[in-house]
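Peer 1: In case you want the letters, here they are:
Number of protein chains: 2
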Amino acid sequence: MPSLQPTLVVAGARAVDGDPVDIVIAGETIAAIVPAGEAPADCDRIDAAGRLATPSFVEGHIHLDKTLLGLPFIPHIPGDTVALRIQAEKELRRTVALPVEERGGRLIEQITAFGTGSLRSHVDIDTEVGLKGLHSVLRLKERYWDLVDIQIVAFPQSGIMVDPGVADLLDAAIREGADLVGGLDPAGIDQDVTGHLDAIFAVAVKHGVGVDIHLHDSGPLGAFELRQIAARTRALGLEGKVAVSHAFALGQIDDFEFFRTAEALAGAKIAIMTNGPGPVAMPPVKRLQAAGVTVFAGSDNIRDAWSPYGDGDLLRRAQIIGYRQEFLADPDLAHAFAMVTDIPAAVLGVAHYGLAPGNRADIVLLDATSLPEAVASAPRGRTVLKRGRLVALEGTLSPRD
Amino acid sequence: MPSLQPTLVVAGARAVDGDPVDIVIAGETIAAIVPAGEAPADCDRIDAAGRLATPSFVEGHIHLDKTLLGLPFIPHIPGDTVALRIQAEKELRRTVALPVEERGGRLIEQITAFGTGSLRSHVDIDTEVGLKGLHSVLRLKERYWDLVDIQIVAFPQSGIMVDPGVADLLDAAIREGADLVGGLDPAGIDQDVTGHLDAIFAVAVKHGVGVDIHLHDSGPLGAFELRQIAARTRALGLEGKVAVSHAFALGQIDDFEFFRTAEALAGAKIAIMTNGPGPVAMPPVKRLQAAGVTVFAGSDNIRDAWSPYGDGDLLRRAQIIGYRQEFLADPDLAHAFAMVTDIPAAVLGVAHYGLAPGNRADIVLLDATSLPEAVASAPRGRTVLKRGRLVALEGTLSPRD
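If you're matching them up, the sequences are chains A and B in order. Residue numbering for the first sequence follows my numbering, starting at 1 and increasing by one per position. Residue numbering for the second sequence follows my numbering, starting at 1 and increasing by one per position.
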């Protein structure tokens, strides 16, 4: 049972409604949120100096095993198709000296100092790397348990039908600690929509785990695949446990295709992840929300074989998505913020989430007066708490034991 | 004649080719760039600690009179069309307590600490505000002469034909110190392509100044207007003195329209400015360059009535443009960097620009090992010199006399 004795007070913060508050923490838990000045004086204090207090960010889509952070900048290897990029990445992976534990660890330290408290990481599973990447990320999960909660998707980056043996590896990955089973372009990569989806949904049903599928296939083809995923989700009773990442197709189809696809997704309670991609069409966030489809955010590639961009700052990601979607008014900016906090927390099933008594003391202090301003300006120098412990003070990671 | 006596050495910088160098400064001028360690020891020094030295950034499009910086965050006033946004802005302008000198001054301090050394600012000219905004920005130009070189466009934000009197005000604005004449959606706002363009080109010819036209009009309409602008530019011998800002149309037309429009622009030496807009199509940078059309970058709106976004960081702007245009390989990332440095320097006619002996000592030190890495990561905490004087040290503005 957690101690009810206050251990730390975040003093003089600004609640999202503007009220000045003290946040009283007992161990890993928020014990109380009281008007500023009313917290007990006899415990450790962090002076929030009027900064906006929000819950920690929740990363909906990252690849801890792919990042090249910690290495000198590596020029991008060209390759215009998803298949060519997969090949380029495999070649690079064979030569990279720094192990996943080092690169992924750097990334975790970087993003937790930005304010990320929970994340969903995809991990490549193929017949060349086997479960090595998974084992590395499982070690990262253990090593950084105090900074971030990690959820792992077993991701068949090289396909399933075209890489015989991967289906069994996905099954093994779940047994060895992955939390969800992933998928990738059933048509574009595997050339077999039925075979690909049958394989991953079989793993999901066998182990009672969720599904998160990368879908880059475009236009009506991608929309068809989304409806296929929705049909299987309903048939197997997996409503609320399935997500599709990217789903560019939703931004590339006519109204007839859009509405029947959105209806299928809403009926199957399938959530869509977007990172606000630069060059391609993206899922229209407000139209999807209006149709009952949840859209959450993730960083995706961070300085890896797929992209030289990305730093894992989810507040900047909310800004990128808002900028791409023309979110200008305050409620829209606040929605962009929810896409990196409350919405992915619900999708990932983060327990005891949010700034309220009884919830986990996973807190970010932002130099802004409101959520809309925070998204518009993405202030740095954040102070971050995880499980009631100081993770970063004004942008600088605190030493760990 | 500038002193040849060294006054300052930027020691141990990294040149863009990777070589370690000392940059020797004499007064406002770069006297020499020598191998690291070979600079004279008997003058003031800044330790670059291996940071990448680049020329200052050149802002191709900003609105110093529009920003609301310095005020509390003001929720965006909705309005979906350009006309509605103009109306919303006018209403807001009447109630804003803080004068342009304060708001624009804040913006100048912010962007010069990011590394901007020269800028082109549009200034609203209409029958309500008259030349007041121009006078304010002229005062800013004088007050901040040591931080930034300012070029001013007299911008008819409320139209010309629909706001009788503006044509005369544009003429007066040039007489009173504006450097170029602007324009705005000859079709979309003024409903008179011929009348609008005749009016602004008359001012340009009369005073021998350049032209920079805001063009949001879309698709074939916008492309028609671009060709109209090109035809006038050639007929009046203004090649190389005309720019068009935004020109979304170039990203919205078929190949036939694109190539005949690009050919017209190239023939008239018209440069295109883009800020890498979020929700709309943008000019395809590499296709235009290949067709002989110069494309440069600008920030455009920074926390104003048009947008809550924007901070004026041109390195981040290069990143946004690169992200939107899928610039991944090193040469493309370097091109994005040129879009905020060499290219706008040429368009604006910035004299003595670039890191070479005899040029002005307008220098930025970046925590990156190469230009591509700088664009991909947009590191903060920059050290900035203007006219051989320290403007900002690791992100913090130096005190001014």
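Just to be clear, a hint being listed does not mean it is correct.
Just some of the chain B residues that point at chain A, by a computed CB distance under 7 Å [said to hold, decoys possible]:
| # | residue |
| --- | --- |
| 1 | Leu71 |
| 2 | Pro75 |
| 3 | His76 |
| 4 | Gly79 |
| 5 | Ala281 |
| 6 | Asp330 |
| 7 | Glu373 |
| 8 | Pro379 |
Only pairs whose alpha carbons sit at most 30 Å apart, straight line, appear in this in silico DSBU-like list of lysine-lysine [unchecked claim]:
| # | chain 1 | residue 1 | chain 2 | residue 2 |
| --- | --- | --- | --- | --- |
| 9 | B | Lys206 | A | Lys90 |
| 10 | B | Lys269 | B | Lys286 |
| 11 | A | Lys286 | A | Lys269 |
| 12 | B | Lys206 | B | Lys132 |
| 13 | A | Lys132 | A | Lys206 |
| 14 | B | Lys90 | A | Lys286 |
Please keep in mind that the hints were generated in silico from the structure rather than gathered at the bench. Backbone N, C-alpha and C define an ideal beta-carbon position, used for all residues, glycine too.
Peer 1: Would you check the hint for Lys206/B and Lys132/B, treating anything up to 30 Å between C-alpha atoms as holding?
Peer 2: holds, 23 Å
Peer 1: With the threshold set at 30 Å, check whether the alpha-carbon distance from Lys269/B to Lys286/B stays at or below it.
Peer 2: With Cα atoms ~16 Å apart, Lys269/B and Lys286/B stay inside 30 Å; holds.
Peer 1: Would you check the hint for Lys90/B and Lys286/A, treating anything up to 30 Å between C-alpha atoms as holding?
Peer 2: Distance ~29 Å between Lys90/B and Lys286/A Cα, so the pair holds.
Peer 1: For the pair supplied as a hint, Lys132/A and Lys206/A, is the alpha-carbon distance within the 30 Å limit?
Peer 2: holds, 23 Å
Peer 1: The hint names Pro75/B as touching chain A; please verify it with the least Cβ-Cβ distance against 7 Å.
Peer 2: holds, 4 Å
Peer 1: Could you check if Leu71/B really has its C-beta closer than 7 Å to a C-beta on chain A?
Peer 2: violated, 11 Å
Peer 1: Under 7 Å is the threshold here; is the Cβ of Gly79/B close enough to any Cβ of chain A for the hint to stand?
Peer 2: violated, 9 Å
Peer 1: Once the shortest beta carbon distance from His76/B to chain A is found, is it less than 7 Å?
Peer 2: Hint holds; His76/B Cβ to chain A Cβ min 4 Å, cut 7 Å.
Peer 1: Taking only the CA atoms, is the gap from Lys206/B to Lys90/A under or equal to 30 Å?
Peer 2: violated, 63 Å
Peer 1: Can the restraint linking Lys286/A and Lys269/A be considered satisfied, given a maximum Cα separation of 30 Å?
Peer 2: It holds: about 16 Å lies between the C-alpha atoms, which stays within 30 Å.
Peer 1: May I ask you to test the interface hint for Asp330/B with respect to chain A, counting a Cβ-Cβ separation under 7 Å as satisfied?
Peer 2: Holds - the Cβ of Asp330/B comes within 7 Å of chain A, reaching about 4 Å at its closest.
Peer 1: Just to be careful: measuring from the Cβ of Glu373/B to every Cβ in chain A, is the smallest value less than 7 Å?
Peer 2: holds, 4 Å
The structure fails to meet hints 1, 4, 5, 8, 9 from the earlier list, while all remaining hints are met.
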